[in-house]
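Please put together the full structure from these sequences, using the hints given.
Residues 7 to 148, numbered by this note's numbering, are exactly what the sequence shown covers, in order.
Everything labelled a hint here was simulated from the structure, so no lab data went into it.
Bear in mind that the values here come from a model prediction, so they are computed numbers and not experimental data.
Keep in mind that the hints are not guaranteed to be accurate.
[Said to hold, decoys possible] Calculated cross-link-like contacts (lysine-lysine; reagent style DSS-like; alpha-carbon spacing at most 25 angstroms):
no.	residue 1	residue 2
1	K38	K138
2	K20	K33
3	K35	K20
4	K35	K15
[As the list claims (entries may be wrong)] Pair ranges (Cβ atoms, derived):
no.	residue 1	residue 2	range
5	K33	P60	42 to 48 angstroms
6	N105	Q45	19 to 25 angstroms
7	N10	N85	38 to 44 angstroms
8	K78	Y104	28 to 34 angstroms
The C-beta atom is built at its ideal place from N, Cα and C for all residues, glycine as well.
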Amino acid sequence: MSENLIPVKAFLGKYYPELLYSAAQDKYKETKLDSFFEQRFYIQNNKVQMIVDPAVTGLVMVVSGNEIHISKELYDHPNVVINNSLENNQNVNPRSLYNPETFSTLAYLVCQNHTTLQVTGEIDEPIYVKYKSDYETFYSSV
7 MSENLIPVKA FLGKYYPELL YSAAQDKYKE TKLDSFFEQR FYIQNNKVQM
57 IVDPAVTGLV MVVSGNEIHI SKELYDHPNV VINNSLENNQ NVNPRSLYNP
107 ETFSTLAYLV CQNHTTLQVT GEIDEPIYVK YKSDYETFYS SV
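Structure follows, in structure tokens:
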């Protein structure tokens, strides 16, 4: 599998020099972001998907590779709005929200699917987000 791993810096393409320059800023010195660019990842060829899973109970979202399982309770909650970029049926560029000043937007360059949760009112219990991953694997849905 190691021959199939792609360096993050190669995947970032034209954005890499700009990000490398930004990583040198004082506010990012202790974060070791430069080591992130050297990491390698495997692009999965299976379809990215969000699943409303009735087997998941409570206000729970489980991210596992290219699948995001959301409990029916969370999806149907009147004060929570869940949007998945794959369900929009629009040709939205996932990189359009990238901002070189904020490293948290680095995900917009790497991830092709974005699932957002918006809490619009009171909820009476916590929302749990569980994340599962394999070592040296970077999934496009996370």
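Taking each numbered hint in turn, which are not upheld by the structure, reported in ascending numerical order?
none
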